[in-house]
Amino acid sequence: MRSIVSLSAMAVAISVSVFAGSSFAQDKPVKLGVMLPLSGPAALAGTSILEGIQFAAEENNAKGGVLGQQVELVIEDDEGNATKGVTAVRKLIEQEGVAAISGTYVSGVALAATKVAREFKVPMISAGSTSSDVTDYNEAGDPWFFRAFPGSREQARQSAVDMVKKLDATKVAVLHENSVYGKSLSDSLAANLAEVGGAIILTETYNPDERDFFSVLTKVRAAQPDAVYIAGLMDAGAQIIKQSAELGVETQIMGSGSMMSDKLIELAGPASEGFAVSSMFEPSTPNEFGAAFTERFRAKFNKEPDVYSALGYDSMNVLIEAVRRAGVADGAAIQAALKGMDDVPLVQGPQGTVADFDEQGSVPFKIGLAIVRNGKREWLPFD
Amino acid sequence: MVSDLVLLPQFLTNGLVIGSGYVLVAVGLTLIFGILHIVNFAHGEFYMLGGFAAVLGSQLLGLPALPTLLVVAVVMAAFGLVVERVVFRPLGGKDPTNAIIASFGLSVLLQNLMLKTVGAEPMAVKSGFAPGAIQIGNVFITAERIAIVAAMAVIVAALLLVLRYTWTGRALRSLSENPTVALISGVNVRRVSLITFVIGSVLAGLSGALMSTVFMVQPNSGALIVMKAFIIVVVAGMGSIEGAIIVGLALGLIESLVAGYMGNELRDIVGFLIVILVLAVRPQGLFGLKTERS
Amino acid sequence: MRTPLILLLTTAIACALPAVLESGYFINVAIIALIYVILASSLDIMMGWTGKFSFAHAAFFGIGAYTAAMMQRSFGTDLWAHLPAGMAAAALFGVLLGLPSLRLQGHFLAIMSIAFQTVVYLVLAQWTDLTGGHYGLPVEVSPELGNVSTFYFVTLGCTLVACLFVWFLTQSRFGDTLTAIRDDETLARTIGMDTNVIKIVAFAISSALAGGAGVLMAHHIRGVTPNDYTVMTSATIVAMVVLGGRGKFWGPIVGALILTILPEVLSDLAEYKHIMYGALLIFMIMVMPQGVVGALTGRKAK
Chain A
1 MRSIVSLSAM
11 AVAISVSVFA
21 GSSFAQDKPV
31 KLGVMLPLSG
41 PAALAGTSIL
51 EGIQFAAEEN
61 NAKGGVLGQQ
71 VELVIEDDEG
81 NATKGVTAVR
91 KLIEQEGVAA
101 ISGTYVSGVA
111 LAATKVAREF
121 KVPMISAGST
131 SSDVTDYNEA
141 GDPWFFRAFP
151 GSREQARQSA
161 VDMVKKLDAT
171 KVAVLHENSV
181 YGKSLSDSLA
191 ANLAEVGGAI
201 ILTETYNPDE
211 RDFFSVLTKV
221 RAAQPDAVYI
231 AGLMDAGAQI
241 IKQSAELGVE
251 TQIMGSGSMM
261 SDKLIELAGP
271 ASEGFAVSSM
281 FEPSTPNEFG
291 AAFTERFRAK
301 FNKEPDVYSA
311 LGYDSMNVLI
321 EAVRRAGVAD
331 GAAIQAALKG
341 MDDVPLVQGP
351 QGTVADFDEQ
361 GSVPFKIGLA
371 IVRNGKREWL
381 PFD
Chain B
1001 MVSDLVLLPQ
1011 FLTNGLVIGS
1021 GYVLVAVGLT
1031 LIFGILHIVN
1041 FAHGEFYMLG
1051 GFAAVLGSQL
1061 LGLPALPTLL
1071 VVAVVMAAFG
1081 LVVERVVFRP
1091 LGGKDPTNAI
1101 IASFGLSVLL
1111 QNLMLKTVGA
1121 EPMAVKSGFA
1131 PGAIQIGNVF
1141 ITAERIAIVA
1151 AMAVIVAALL
1161 LVLRYTWTGR
1171 ALRSLSENPT
1181 VALISGVNVR
1191 RVSLITFVIG
1201 SVLAGLSGAL
1211 MSTVFMVQPN
1221 SGALIVMKAF
1231 IIVVVAGMGS
1241 IEGAIIVGLA
1251 LGLIESLVAG
1261 YMGNELRDIV
1271 GFLIVILVLA
1281 VRPQGLFGLK
1291 TERS
Chain C
2001 MRTPLILLLT
2011 TAIACALPAV
2021 LESGYFINVA
2031 IIALIYVILA
2041 SSLDIMMGWT
2051 GKFSFAHAAF
2061 FGIGAYTAAM
2071 MQRSFGTDLW
2081 AHLPAGMAAA
2091 ALFGVLLGLP
2101 SLRLQGHFLA
2111 IMSIAFQTVV
2121 YLVLAQWTDL
2131 TGGHYGLPVE
2141 VSPELGNVST
2151 FYFVTLGCTL
2161 VACLFVWFLT
2171 QSRFGDTLTA
2181 IRDDETLART
2191 IGMDTNVIKI
2201 VAFAISSALA
2211 GGAGVLMAHH
2221 IRGVTPNDYT
2231 VMTSATIVAM
2241 VVLGGRGKFW
2251 GPIVGALILT
2261 ILPEVLSDLA
2271 EYKHIMYGAL
2281 LIFMIMVMPQ
2291 GVVGALTGRK
2301 AK
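Residue numbers (the numbering used here), protein chains in the order written: chain A, 1 to 383; chain B, 1001 to 1294; chain C, 2001 to 2302.
Among the clues, some could well be false.
Said to hold, decoys possible - Below, in silico cross-link-like pairs of lysine-lysine (DSS-like), each with a Cα-Cα straight-line distance of 27 Å or less:
id, chain 1, residue 1, chain 2, residue 2
1, A, 171, A, 366
2, A, 31, A, 63
3, A, 339, A, 31
4, A, 366, A, 303
5, A, 376, A, 263
6, A, 165, A, 366
7, A, 263, B, 1126
8, A, 339, A, 121
9, A, 376, A, 165
10, A, 31, A, 121
11, B, 1116, A, 303
12, A, 303, A, 63
13, A, 28, A, 63
14, A, 376, B, 1126
15, B, 1116, A, 300
16, A, 263, B, 1116
17, A, 263, A, 300
18, A, 303, B, 1126
Stated by the list, open to error - Covered stretches of chain A, as calculated for chain C (at least 3 residues, CB under 8 Å):
id, stretch
19, 69-83
20, 89-102
21, 107-115
22, 179-185
By construction, these hints were calculated from the structure, which means they are not laboratory data.
Positions of the beta carbon are idealized from the N, C-alpha and C atoms, including for glycine.
Produce the complete structure using the sequences and hints provided.
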């Protein structure tokens, strides 16, 4: 209790000093929290997202920071586990005194963390967690958990349309990872496919660390679908694509958003030719803001940004902009500012995509579809 | 639900490949766990390190397949030697649970050390074989998968020959049957234990290298397969290499059939249910002769 | 009888913690540490006193937690109903694991318990209709327990009761029969002890306490997800017992406190946390295999 009191007292003191027009605590940086799985099974995504987040903070700091201060990121590893997540979020808020948090990647952990963060009136903005359930938990019109990209339901709805309209596939086999990410996409796809005249003829689950897909792909081959939809991560995706070719499965394969990665093409090799991925971001994006981000990212890291670096960048960039607009590093003020960001551009999505959070705190922008041709992804035009 | 018997040959082939991989990992563990009675949870990380050693050989040094395997064997022999000397030998003879804890620490240490140094992204090991499918009738397979089965046959045959016809092998077998008698009859238990441990870690590394040509390698690659290997050794009966071969292949086939005819999500649970059942009914394992005494 | 007094004294001091520790973060770490004290102490009934190794403690921990979440979903019950139910459910599964394990020793028991642990984890993660899959299930805490300090006192109370119970259990005649089994099971059977019944009862008690800890955890985290109840969690609890000292009342308590607080202290070195954790475990087991408490009391005895 005491810490809440002292925290709100601090917030009042800060806002008073701001309104009085004085520059407060010159030497104190603006602290923003980051929580991500940096070890454990989800570390692959976590470290990549962190790169984007840190890049956004560095860029903003180079331009003079926010509220006349530098942004300081306080980074906590939640290990993709709810107990660690609750500890991490409390540490960020109560110990480090961060005003807002970018995090986290695993949906179950994001939900556990946002329950705590909301009590302290600290807004969170997703750093990769996709499940619509987490934003559904928000009270409509007063979200405390934001996501600067579409949730699983919206992603699957658009994928269902793309599947039928762009790939001309109506009989679909689904392979999904046994995780919140895989399951929520798979469930939503099943519900949406029927509406656009498609049907799921086979659904199979795989465990996240599974690497042999021959048996499950044998079933896929026998079922003769028009297309295979994979809802899962890049490493398993690469295996499924490679092993499909080895097993003579000559079907169009479409992957969920996490498979937008050059590494996947490298690992899957020639088998990735023709692979379609529902893509929220491409280095070759027609989105001018995104294209400029790609340029700068390349110059800095000497590699191509992927979907994780892009969403990490958006997450932190939007957050810093919200702090700027709030005029004070205070959670409630930042949350209020986040509700009016419809002129802040995102690097993800088509040209002109802005952080226009809806009632539930999500940004349902148009997702693209990219196809691998000659070892390169090509983004199909948005319709 | 596809329950077509037409697919059976493909499922059996898949199972044979996966089973061969299990056998490769399990025979190394049979030596370390079954004979030396060291519960080495880090065996999966030995497997993973073998995969990365193969990446070193095939990608960084650009070596062909056989010299790469030699690199793997040398690296893993040296590594096994150090681990036995530094960790397991000092703990030997005392409470066996100490070694369990130490190996658990070693597993966490190695996994995270690799995560820090090479990152979480998977790496491919080049086999030198032409990529793509080989079709025999209705069954598809790849050269790399055939190589796993062949390598399993060669390595296991070589191991059985060594055990039967060399002095070390005979000493090892006597050690597995009765350490006290072995000691009395002049077997240098320390030396034989060291050699056994080194052979076990080389086998783990070789299996990691071979499997990585098909499944790639990541710091957490060994986590699940080590559990499967423990299942195989226990179900087969401690120290029974022939048993480990049969059970390893059987587990691969069963998993493949379960994935094919029942549902892919059930494949990992099957092995664990089998080991519970076997331990409850026949604790000495299917091919074990004597019961373990505490 | 000095130990229970010291325990009461320690608890009294622990009561002052929320006032001293300004931040809810520290109280949160304290709650998790206390829950792990229950887990480690209860595991020690098996490991230290009965000499039976188990890598399945997190399974019972999870069964308790999921019992709470599922009961609340179906009947809208609260913590006080969940505690006995979660303990009963975990005890039941403890007997279920105990029965086929009766004949097993050492390594085989370790493998058996790992298999059981993995099966429980896979069921929690995959039986989505029942358990919510990886997303888990939410748990709402009744308003009077909603404050983190209040929940700390509840957890502290439960931990005190659990520790006192373990103390009196291990000092009782039943405790003597457990050590008899540990020291020589064959002898214990020869002198007329029904070792099977005793082992099953010990298994049930140990599991029940873990189930209670799970109920507390579910309420503290306000939900359950399978990733909190993995074989890694089990191994961590085992490590706590070994690090602190097996078969010593204070051993698991000290071990649990070290291993929950240490990672938080090390979190400035978060990147190397796991590497250091692994190295520390190897180092400790080689230097003081009898555990911290074992080493300290051993020296005093000399």
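* To do: Starting from the hint list further up, note which numbers the structure goes against and sort them upward.
  => Every hint satisfied by this model.
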